[in-house]
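Enquirer: Chain by chain, the residues:
2 protein chains.
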Amino acid sequence: MPRVKLTVAYDGTEFHGWQRQEPPNAPALRTVQGVLQEVVATFVREPIVLMGASRTDAGVHAKGQVAAFTAESFRVPVERIPFALNARLPRDVQVRHAEIVAPNFNPISDAKSKCYRYIIEHLGPPHHAAPLFDRDFVFTTPHALSLAAMQHAASQLVGTHDFEAFAQVSHGRETTVRTIFSCHVRMIAPRRFAVEVSGNGFLYNMVRILAGTLVDVGRGHLDGNSIPAIITSKDRRQAGTTLPPQGLCLEWIHYGVPAEVIDS
Amino acid sequence: MPRVKLTVAYDGTEFHGWQRQEPPNAPALRTVQGVLQEVVATFVREPIVLMGASRTDAGVHAKGQVAAFTAESFRVPVERIPFALNARLPRDVQVRHAEIVAPNFNPISDAKSKCYRYIIEHLGPPHHAAPLFDRDFVFTTPHALSLAAMQHAASQLVGTHDFEAFAQVSHGRETTVRTIFSCHVRMIAPRRFAVEVSGNGFLYNMVRILAGTLVDVGRGHLDGNSIPAIITSKDRRQAGTTLPPQGLCLEWIHYGVPAEVIDS
Numbered sequence: 049m050p051r052v053k054l055t056v057a058y059d060g061t062e063f064h065g066w067q068r069q070e071p072p073n074a075p076a077l078r079t080v081q082g083v084l085q086e087v088v089a090t091f092v093r094e095p096i097v098l099m100g101a102s103r104t105d106a107g108v109h110a111k112g113q114v115a116a117f118t119a120e121s122f123r124v125p126v127e128r129i130p131f132a133l134n135a136r137l138p139r140d141v142q143v144r145h146a147e148i149v150a151p152n153f154n155p156i157s158d159a160k161s162k163c164y165r166y167i168i169e170h171l172g173p174p175h176h177a178a179p180l181f182d183r184d185f186v187f188t189t190p191h192a193l194s195l196a197a198m199q200h201a202a203s204q205l206v207g208t209h210d211f212e213a214f215a216q217v218s219h220g221r222e223t224t225v226r227t228i229f230s231c232h233v234r235m236i237a238p239r240r241f242a243v244e245v246s247g248n249g250f251l252y253n254m255v256r257i258l259a260g261t262l263v264d265v266g267r268g269h270l271d272g273n274s275i276p277a278i279i280t281s282k283d284r285r286q287a288g289t290t291l292p293p294q295g296l297c298l299e300w301i302h303y304g305v306p307a308e309v310i311d312s
Numbered sequence: 049m050p051r052v053k054l055t056v057a058y059d060g061t062e063f064h065g066w067q068r069q070e071p072p073n074a075p076a077l078r079t080v081q082g083v084l085q086e087v088v089a090t091f092v093r094e095p096i097v098l099m100g101a102s103r104t105d106a107g108v109h110a111k112g113q114v115a116a117f118t119a120e121s122f123r124v125p126v127e128r129i130p131f132a133l134n135a136r137l138p139r140d141v142q143v144r145h146a147e148i149v150a151p152n153f154n155p156i157s158d159a160k161s162k163c164y165r166y167i168i169e170h171l172g173p174p175h176h177a178a179p180l181f182d183r184d185f186v187f188t189t190p191h192a193l194s195l196a197a198m199q200h201a202a203s204q205l206v207g208t209h210d211f212e213a214f215a216q217v218s219h220g221r222e223t224t225v226r227t228i229f230s231c232h233v234r235m236i237a238p239r240r241f242a243v244e245v246s247g248n249g250f251l252y253n254m255v256r257i258l259a260g261t262l263v264d265v266g267r268g269h270l271d272g273n274s275i276p277a278i279i280t281s282k283d284r285r286q287a288g289t290t291l292p293p294q295g296l297c298l299e300w301i302h303y304g305v306p307a308e309v310i311d312s
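Going down the list, the protein sequences come from chains H and F.
Counted the way the numbering used here counts, the first sequence spans residues 49 to 312.
Counted the way the numbering used here counts, the second sequence spans residues 49 to 312.
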């Protein structure tokens with residue numbers, strides 16, 4: 049039975065996150081996994097289980113989520129699967145790629161690196177209007193931010209560390225050690241910043257807490273040299289606030305060579 | 049009593065157009081004029097009439113709609129009005145500028161030039177996914193389009209003509225003569241085209257019909273040299289189809305020197 053890997057993009061605004069909510073506890077919640085699993089099952093004409101790589105929260109977007117399913121057969125060549133599924137999917141979720149993978153492919157444990165992007169805009173003086181057309185994709189702050197301070201702090205996050213201070217307290221993971229391959233802050237438009245972070249995995253809310261910590265540094269509430277001490281503290285209260293979901297996008301997940309090799 | 053000119057931007061997706069729908073015929077329709085007029089009236093603490101320059105249709109967006117009202121007084125300097133109104137407005141409409149104008153300022157008849165932009169994307173082969181994050185701002189077509197053919201046809205629209213062939217038949221205007229100052233087609237991304245047209249005024253659905261005619265030329269259904277004959281025919285059936293509203297955005301309205309002088 050062929051196993052298929054899908055690359056999935058979605059606008060998370062009107063989804064209650066990735067993960068399917070099982071009835072009867074949450075009968076009516078619309079999730080990406082729920083919508084996509086139903087469309088795939090209809091397409092392959094059998095019940096399937098769709099396993100996703102990242103359980104993105106409500107409001108979080110994705111350009112490169114990865115999911116996999118195993119089915120008896122399907123009626124088109126694998127390269128036509130995106131077209132067949134997209135014809136049945138709602139407008140806010142798309143399958144961008146499909147390929148046959150090994151029968152034991154596991155999108156969670158086989159992932160070598162992931163990249164997230166968080167968009168922050170400084171609203172500036174009152175006459176600067178908030179984002180309008182992309183308001184569901186940007187976090188806005190009234191505080192002026194120092195790009196240099198944020199870049200310096202971001203560089204201190206790179207490496208293999210115990211990131212317990214940057215995880216929501218009820219994270220439920222056995223180990224909180226993760227490796228961040230790269231963490232960059234760039235200006236992508238006037239008063240608009242992108243935090244791009246890649247790593248071998250992320251704890252629950254970790255990117256939103258990293259971004260919140262960088263905003264605290266950028267506005268001068270937190271010393272840019274304090275990142276190592278925050279990491280060492282393993283104390284969630286030492287890091288910054290958890291920024292809201294809408295600024296966050298899962299950019300890509302790699303299953304081959306890790307991003308550190310690609311980048312060099 | 050001061051008269052105030054507002055520059056207004058909105059995401060038209062969830063509005064039933066600009067124009068207020070009067071009860072009891074349409075009691076529940078959400079319109080930009082309806083929402084904004086109510087917020088302005090609350091702000092100035094008196095009933096006001098908000099007059100808009102362009103009656104954009106449901107789904108049409110604006111970056112530079114212009115509206116005006118007259119009020120006894122308001123409690124802040126005029127430059128703070130956008131901030132005060134935006135604090136009360138929903139997230140999909142914004143006041144970007146406010147200024148005091150002459151008591152007889154009429155946003156419709158005083159307008160010297162307007163610019164609209166229509167975005168068209170060629171979806172290409174099935175593996176090219178449709179727009180996702182900006183799906184409410186782009187018209188998509190499965191047909192390959194010739195940029196050169198569209199640019200040539202666009203240039204033939206410039207000038208003072210009777211545009212009856214490019215107006216919805218029930219347009220209700222006394223004269224259908226208008227001047228187009230400029231009409232350009234540009235590629236703004238792979239397979240994505242922007243039609244930008246400025247003129248001293250536009251008939252009902254005129255920009256959407258112009259864009260539809262250019263698409264017909266671009267895909268080879270219509271001869272690019274036929275524009276003058278279509279204009280001369282004054283026959284709506286000779287022009288192209290009316291494209292849907294979501295690709296259209298009202299970019300700006302000028303009240304000073306006309307755009308032809310600015311451009312030169």
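Treat the hints with care, as some may be off.
As the list makes no split between identical chains, a pair holds if one copy fits it or if it spans any two.
Said to hold, decoys possible - Within a straight-line C-alpha distance of at most 20 angstroms, the following computed EDC-like cross-link-like pairs (lysine to aspartate or glutamate) qualify:
| id | residue 1 | residue 2 |
| --- | --- | --- |
| 1 | Lys111 | Glu222 |
| 2 | Lys111 | Asp182 |
| 3 | Lys160 | Asp271 |
| 4 | Lys111 | Asp184 |
| 5 | Lys282 | Glu70 |
| 6 | Lys53 | Glu120 |
| 7 | Lys160 | Glu299 |
| 8 | Lys160 | Glu127 |
| 9 | Lys53 | Asp210 |
| 10 | Lys282 | Glu127 |
| 11 | Lys160 | Asp140 |
| 12 | Lys282 | Glu94 |
| 13 | Lys282 | Asp105 |
| 14 | Lys53 | Glu147 |
| 15 | Lys111 | Glu70 |
| 16 | Lys160 | Asp184 |
| 17 | Lys160 | Glu147 |
| 18 | Lys282 | Glu62 |
| 19 | Lys160 | Glu70 |
| 20 | Lys282 | Asp210 |
| 21 | Lys160 | Glu62 |
| 22 | Lys282 | Glu299 |
| 23 | Lys160 | Glu244 |
These aren't lab readings, by the way, just hints derived from the structure by calculation.
Enquirer: Within, between, both or neither: how does the pair Lys282, Glu94 come out at a Cα-Cα threshold of 20 angstroms?
Expert: neither (46 angstroms within a copy, 57 angstroms between copies)
Enquirer: From the Cα coordinates, with 20 angstroms as the cut-off, is the pair Lys282 and Glu62 best called within, between, both, or neither?
Expert: neither (34 angstroms within a copy, 45 angstroms between copies)
Enquirer: Given a CA cutoff of 20 angstroms, do Lys160 and Asp271 count as a within-copy pair, a between-copy pair, both, or neither?
Expert: neither (32 angstroms within a copy, 54 angstroms between copies)
Enquirer: As a check of your reading, is Lys282 near Glu127 (CA-CA no more than 20 angstroms) within one copy, between copies, both or neither?
Expert: neither (46 angstroms within a copy, 48 angstroms between copies)
Enquirer: Under a CA distance limit of 20 angstroms, which applies to Lys160 and Asp184: within one copy, between copies, both, or neither?
Expert: Neither: 29 angstroms inside a copy, 35 angstroms across copies.
Enquirer: My question is about Lys111 and Asp182: at a cut-off of 20 angstroms on alpha-carbon distance, are they close within one copy, between copies, both, or neither?
Expert: Answer is both; intra-copy 15 angstroms and inter-copy 13 angstroms each pass.
Enquirer: Given identical chains, is Lys160 near Glu127, meaning Cα to Cα at most 20 angstroms, within a copy, between copies, both, or neither?
Expert: Classified as neither: same-chain Cα gap 24 angstroms, cross-chain 53 angstroms, threshold 20 angstroms.
Enquirer: Classify it for me, Lys282 with Glu70: is the Cα-Cα distance of at most 20 angstroms met within a copy, between copies, both or neither?
Expert: neither (34 angstroms within a copy, 60 angstroms between copies)
Enquirer: Go through the copies and call it for Lys111 and Glu70: within, between, both or neither, with a Cα cutoff of 20 angstroms.
Expert: For Lys111 and Glu70, neither the intra-copy (25 angstroms) nor the inter-copy (43 angstroms) Cα distance is at most 20 angstroms.
Enquirer: At most 20 angstroms between CA atoms: does that hold for Lys160 and Glu244 within a copy, between copies, both, or neither?
Expert: within (17 angstroms within a copy, 45 angstroms between copies)
Enquirer: Should Lys53 paired with Glu120 be assigned to within, between, both, or neither, using CA atoms and 20 angstroms as the limit?
Expert: within (15 angstroms within a copy, 65 angstroms between copies)
Enquirer: Evaluate Lys160 and Glu299 at a C-alpha cut-off of 20 angstroms and name the case that applies: within, between, both or neither.
Expert: within (14 angstroms within a copy, 45 angstroms between copies)
Consistency with the previously given hints fails for numbers 1, 3, 5, 8, 9, 10, 11, 12, 13, 15, 16, 18, 19, 21 and 22, ordered from lowest to highest.
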